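Throw the hints in and build the complete structure from the sequences for me.
Protein chains: 2
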Amino acid sequence: MDTAELVELGQQLRVDSVRASAAAGSGHPTSSMSAADLMAVLIAHHLRYDFDRPAHPGNDRFVLSKGHASPLLYSAYKAAGAVDDEELLTFRGLGSRLEGHPTPQRLPWVETATGSLGQGLPVGVGIALAGKRLERTGYRVWVLCGDSELAEGSVWEAAEHAGHEHLDNLTVIVDVNRLGQRGPTRHGHDLDAYARRFQAFGWHTVEVDGHDVDAVDRAYGEALSTSGQPTAILARTLKGKGVADVEDREGLHGKPLPDADQAIEELGGVRDLRVRVPEPPDARLLHSVPSGRPDLPRWEKGEEAATRDAFGKALAALGTAREDVVALDGEVGDSTRAEAFAKEHPDRYFECYIAEQQLVAAAVGLAARGRTPYASTFAAFLSRAHDFIRMAAVSGAGVNLVGSHAGVAIGQDGPSQMGLEDLAMLRAVHGSTVLYPCDANQTARLVATMADLDGVRYLRTSRGAAPVLYGPDEEFPVGGSKVLRSSDRDRLTVVAAGVTVHEALKAAEALDGEGIAVRVVDLYSVKPVDRATLRRAAEETGCLLTVEDHHAEGGLGDAVLDAFLDGRPVPRLVRLAVRTMPGSASPAEQLHAAGIDAESIAASARLLVEQAITP
Amino acid sequence: MDTAELVELGQQLRVDSVRASAAAGSGHPTSSMSAADLMAVLIAHHLRYDFDRPAHPGNDRFVLSKGHASPLLYSAYKAAGAVDDEELLTFRGLGSRLEGHPTPQRLPWVETATGSLGQGLPVGVGIALAGKRLERTGYRVWVLCGDSELAEGSVWEAAEHAGHEHLDNLTVIVDVNRLGQRGPTRHGHDLDAYARRFQAFGWHTVEVDGHDVDAVDRAYGEALSTSGQPTAILARTLKGKGVADVEDREGLHGKPLPDADQAIEELGGVRDLRVRVPEPPDARLLHSVPSGRPDLPRWEKGEEAATRDAFGKALAALGTAREDVVALDGEVGDSTRAEAFAKEHPDRYFECYIAEQQLVAAAVGLAARGRTPYASTFAAFLSRAHDFIRMAAVSGAGVNLVGSHAGVAIGQDGPSQMGLEDLAMLRAVHGSTVLYPCDANQTARLVATMADLDGVRYLRTSRGAAPVLYGPDEEFPVGGSKVLRSSDRDRLTVVAAGVTVHEALKAAEALDGEGIAVRVVDLYSVKPVDRATLRRAAEETGCLLTVEDHHAEGGLGDAVLDAFLDGRPVPRLVRLAVRTMPGSASPAEQLHAAGIDAESIAASARLLVEQAITP
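Sequence order for the protein chains is A and B.
Heads up, the first sequence is in my numbering, so the first residue is 6 and it goes up one at a time.
Heads up, the second sequence is in my numbering, so the first residue is 6 and it goes up one at a time.
Quick caveat, the hints were computed from the structure, so don't treat them as lab data.
Keep in mind the model is a prediction, meaning the values are calculated, not measured.
The reader is advised that the hints may include incorrect statements.
Unchecked claim - Derived DMTMM-like pairs: lysine to aspartate or glutamate, alpha-carbon spacing no greater than 25 angstroms straight-line: (1) K137(A) x E170(A); (2) K260(A) x E255(B); (3) K260(A) x D339(B); (4) K260(A) x E480(B); (5) K348(A) x E255(B); (6) K511(A) x E615(A); (7) K511(B) x D517(A); (8) K260(B) x D89(B); (9) K260(A) x E309(A); (10) K260(B) x E309(A); (11) K511(B) x E604(B); (12) K511(A) x D571(B); (13) K137(B) x E349(B); (14) K260(A) x D314(B); (15) K306(A) x E284(A); (16) K260(B) x D339(A); (17) K260(B) x D314(A); (18) K348(A) x E594(B); (19) K348(B) x E255(A); (20) K348(B) x E544(A); (21) K306(B) x D571(B); (22) K260(B) x E594(A).
Stated by the list, open to error - Here are some chain A residues pointing at chain B (derived, C-beta under 10 angstroms): (23) L94; (24) F96; (25) L99; (26) L103; (27) E344; (28) Q363; (29) F393; (30) I394; (31) A398; (32) V399; (33) G416; (34) Q417; (35) H556.
By construction, the Cβ of each residue, glycine as well, lies at the ideal position given by its N, Cα and C atoms.
Right, here's the structure in full:
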């Protein structure tokens with residue numbers, strides 16, 4: 006397209022953004038209008054993409070980090086012929102694919118869900134890493150950011166990651182329209198302020214008038230010809246560009262234009278330009294499809310092993326069997342044991358340093374490129390990435406998260422390092438799976454099983470060694486549990502997972518000596534739970550005692566109740582959980598102080614059994 | 006102290022760090038040894054602090070962001086005479102004040118709990134803001150960071166905040182020992198790499214040999230004489246400095262020295278130097294103590310108002326009555342309505358832009374300085390700050406968090422903007438309070454009440470307008486609830502909060518027309534819950550139906566169960582909650598699609614009542 010055509014295309018994108026938002030009665034047309042020329046030049050000249058084949062391995066990848074500018078994205082889809090005008094006007098309606106913020110669950114051309122600002126670039130880095138280190142089909146990753154979102158630290162985690170990895174296949178386009186939601190940004194139109202920051206993190210930068218289509222074209226060309234560094238294009242733009250009533254004015258974020266008809270006229274009216282998006286180069290995927298049964302590590306019953314060790318070894322074995330498996334860690338691979346994978350598969354290991362948001366975002370990006378990522382850090386520090394995990398679920402991304410150092414059982418390091426909220430956090434994620442093994446063989450099996458689940462799956466591992474309870478060939482289906490002790494005389498069921506399984510077994514042994522028979526259930530699948538086994542236990546023993554190395558809210562105890570909350574009678578239930586703020590102490594002292602060791606379990610069991618006799 | 010004495014003091018801090026870790030059998034002596042000279046010079050010449058009067062308003066504030074270097078901190082306390090040698094050797098023991106990572110709950114000289122890396126600087130910025138904008142007693146804030154933690158985005162949110170606010174009362178000292186936990190950092194000893202980054206964010210920087218005490222002394226002096234900018238001192242150090250077996254070597258993070266006796270000898274043996282820490286200047290607090298009853302806004306029953314509007318107005322009124330109240334927002338004050346406070350009290354309003362970690366961290370810092378902060382953003386985006394909220398609880402910080410745009414009821418914007426996990430996240434925080442009002446008067450009262458609670462308190466507000474149900478003089482105690490409908494014929498209790506209260510009332514009205522009497526409880530206090538009312542409802546109506554605009558896990562339904570999980574009989578309970586991934590749609594369509602509107606409640610109620618008749 007020549008200059009005049011590009012200008013026209015930009016105007017069309019504005020007009021369609023205004024129209025879609027007017028039809029919806031909501032949306033972000035002014036945020037779309039600022040970036041319209043940037044988008045026009047991109048789709049007309051630089052984005053190599055086959056809309057009929059979104060899975061084409063040679064396709065460039067585009068991420069709209071400022072997801073609220075979805076009218077612009079959908080208008081570009083229309084200009085590319087991917088959606089028609091009728092669908093464009095369904096924007097934000099019930100059942101429409103064109104949501105307020107784009108998601109890959111609805112649209113095949115969307116790489117990742119956005120709408121939580123500061124996430125597009127971090128995920129884009131993951132996609133660029135896949136392109137550079139794994140796929141090598143030559144695709145480029147384009148991320149369109151707002152200026153406001155550069156205040157998010159996650160952007161700088163991503164900038165650091167991309168700079169350090171020399172991701173010259175990555176370009177971020179910053180739509181510096183100087184206005185956030187509430188008002189002016191910190192830096193206004195000071196492009197240099199942003200350029201200095203990106204440069205400091207090792208990026209090439211280009212400053213440009215974002216409404217000068219030829220200059221924008223040259224800027225994209227400069228990004229393409231830059232090697233050894235990612236490029237940030239800092240584009241000076243005006244929010245609401247092209248309509249005097251709204252241009253560069255505050256107080257108009259996230260609102261349809263006051264007079265859409267007048268605005269469309271001012272923008273030159275409705276157009277129906279079609280753009281020929283550049284074709285992707287021939288390319289084929291070089292990695293083979295997932296295959297092979299992993300030769301998992303094996304432990305004999307009675308051996309002692311930490312579940313984190315089992316995770317590392319099993320993941321390394323899984324990586325040998327499956328080329329789609331990749332691993333990422335937040336500079337604690339020696340603790341999480343991800344280092345076992347790193348040693349065997351350095352080409353598929355991604356060190357993310359102490360940047361947990363980037364850790365999860367990179368995993369989401371790798372998942373978007375068909376990989377099966379395992380991202381590990383301390384369970385406590387996954388809370389740093391909560392928003393990214395939440396958004397991964399909105400994307401429908403298949404990511405495995407592994408949190409080590411669960412609970413007070415870690416001992417002396419104290420509460421800052423203890424995962425005590427992780428089960429609550431991960432259970433509340435839509436469509437998630439939550440697994441919490443208690444022995445090495447169980448861990449190894451679950452590591453392999455989780456690879457093929459949908460959505461966000463979480464494995465919680467423990468720091469200390471524990472006896473191996475299961476044989477190496479035992480199976481552990483998701484949604485299952487293991488009844489470790491039972492008799493027809495059971496007067497109570499103790500439901501435990503991880504470290505508390507071992508405490509529960511000790512307590513049951515002691516109680517047995519007192520003539521109190523107790524059932525013990527290992528609830529390794531915390532979400533979904535094994536409803537049948539729990540219901541049977543409730544019917545047969547009348548009362549449940551849950552015990553968990555986690556806060557009382559949202560963890561194992563609440564998970565057990567999931568089996569009963571459909572209107573059926575609920576068993577009597579008591580939850581033992583961590584209810585005080587721990588300090589430093591040995592693991593055994595911690596379990597005792599929290600009231601979740603064998604002694605505490607036995608004491609509670611005695612009380613409950615007595616209550617049952619004399620209600 | 007002269008050069009030789011400073012060198013000796015540094016060696017003493019090393020020796021004591023080695024001794025404390027050896028006594029504990031765990032800890033991080035090598036991470037302490039790298040920063041020992043930095044600390045020696047600081048306490049001997051620059052940190053103005055009265056250890057007998059930690060609340061002295063003129064005291065400088067020191068934050069050990071690399072909290073694992075606690076042996077160094079405690080050794081410095083010993084050198085300053087604040088703890089004795091006997092206590093030093095209780096390090097990491099059960100009941101010791103000297104925890105693996107320092108917390109203000111145990112030690113009066115600790116400003117904020119650290120141990121989750123990348124948090125010290127963000128909180129330090131909050132303290133420095135308090136000093137600069139509110140207290141004006143001239144204190145300086147010193148933050149000692151590790152180099153590894155500079156990978157955390159939160160550090161750059163803080164750097165941006167401090168640079169923009171020209172916090173020349175803030176100095177960060179970076180102990181660049183080039184080794185993280187797992188191995189080398191990204192930038193090794195490249196001080197310039199870090200300096201470029203800080204400079205880009207508007208900081209003054211000084212590069213220094215961190216083992217040259219005179220150079221360090223001069224660097225601190227340069228920081229003190231720098232105005233208009235915060236200063237970052239980038240100090241080249243060696244991990245394990247002074248002991249050949251461990252100096253600058255990998256694989257020794259977080260471990261006591263292999264041969265402590267030999268190491269102590271190599272370091273010149275045990276010393277007992279006492280340092281005279283510089284005295285703080287005379288200063289008195291200029292702000293008055295909390296006082297006055299707020300003149301809260303009032304609404305008449307039947308009016309329509311959004312709870313977010315009520316929050317903004319009530320907070321502004323509270324700010325008028327109480328000078329200790331401050332407000333912070335993440336660049337969405339026009340949506341959360343924090344802007345009402347900003348307009349009336351601009352001197353006590355802190356715009357944090359789109360940086361939710363910094364938002365919460367600054368609130369924690371302001372709370373550490375005796376303020377009562379309210380930090381607001383969308384409920385969904387508070388997840389970004391989860392780790393900071395968790396650590397705020399470890400600190401025992403009194404912070405008010407306000408999350409707007411709760412649940413699917415926001416409508417068209419879609420799942421990225423919907424708070425659907427916030428109740429689970431906040432309930433699982435140790436010692437937290439969780440409030441979720443349904444009308445404007447209730448909101449206003451709770452905004453005032455929460456100011457005086459302990460720990461982390463959370464208020465969940467809604468986007469849309471709703472009818473005012475309560476009079477302006479109604480009281481809403483924390484841990485209470487309101488029974489909005491009841492009779493002696495009630496066959497079911499619907500427990501709701503926020504938007505679902507209104508749906509529940511509509512459902513109850515419809516059911517009443519069918520001859521089914523239903524009790525309705527407004528559970529505005531989600532944590533703690535009103536056990537008495539819920540137990541009475543269970544006894545009298547037999548069955549509970551909870552309905553919440555939140556995922557099923559960890560929210561209102563689970564909160565209700567808290568009333569029963571002590572071994573008593575549990576009522577039949579059904580939870581209505583958001584179980585599918587929403588898209589875009591109108592608020593009413595969203596509530597219906599999620600199965601939490603009046604129609605869905607009525608349908609479930611009918612089913613449950615029938616079940617109760619024919620079990």
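Fill in: Holds or violated: K137(A) to E170(A), with C-alpha atoms at most 25 angstroms apart
Roughly 9 angstroms separates the two Cα atoms, so the pair holds.
Worksheet item: K348(A) and E255(B): Cα distance at most 25 angstroms?
Response: holds, 16 angstroms
Discussion item. Check the hint pairing K260(A) with D339(B) against an upper bound of 25 angstroms on the C-alpha distance.
Written reply: holds, 13 angstroms
Discussion item. Checking one constraint from the list: CA of K260(A) to CA of E480(B), max 25 angstroms. Satisfied?
Written reply: Violated, because 37 angstroms separates the two Cα atoms, which is more than 25 angstroms.
Worksheet item: If you draw a straight line from the CA of K260(A) to the CA of E309(A), is it 25 angstroms or shorter?
Response: Between K260(A) and E309(A) the Cα gap is close to 61 angstroms, so the pair fails against 25 angstroms, i.e. violated.
Worksheet item: With 10 angstroms as the cut and Cβ atoms as the points, is L99(A) at the interface with chain B?
Response: holds, 4 angstroms
Discussion item. For a C-alpha distance cap of 25 angstroms, please report whether K260(B) and D89(B) respect it.
Written reply: holds, 23 angstroms
Practice prompt. May I ask you to test the interface hint for Q417(A) with respect to chain B, counting a Cβ-Cβ separation under 10 angstroms as satisfied?
Written response: holds, 4 angstroms
Discussion item. Please verify whether K348(A) and E594(B) have alpha carbons no more than 25 angstroms apart.
Written reply: violated, 52 angstroms
Item to complete: Compare the distance between the alpha carbons of K306(A) and E284(A) with 25 angstroms, and conclude whether the hinted pair is satisfied.
Response: violated, 58 angstroms
Worksheet item: Can the restraint linking K137(B) and E349(B) be considered satisfied, given a maximum Cα separation of 25 angstroms?
Response: Holds - the C-alpha atoms of E349(B) and K137(B) are around 20 angstroms apart, at most 25 angstroms.
Practice prompt. Take a quick look at whether K260(B) and E594(A) sit within 25 angstroms of each other, Cα to Cα.
Written response: Holds, at roughly 20 angstroms.
Going through the hint list in order, the structure does not satisfy hints 2, 4, 7, 9, 15, 18, 20, 21, 23.
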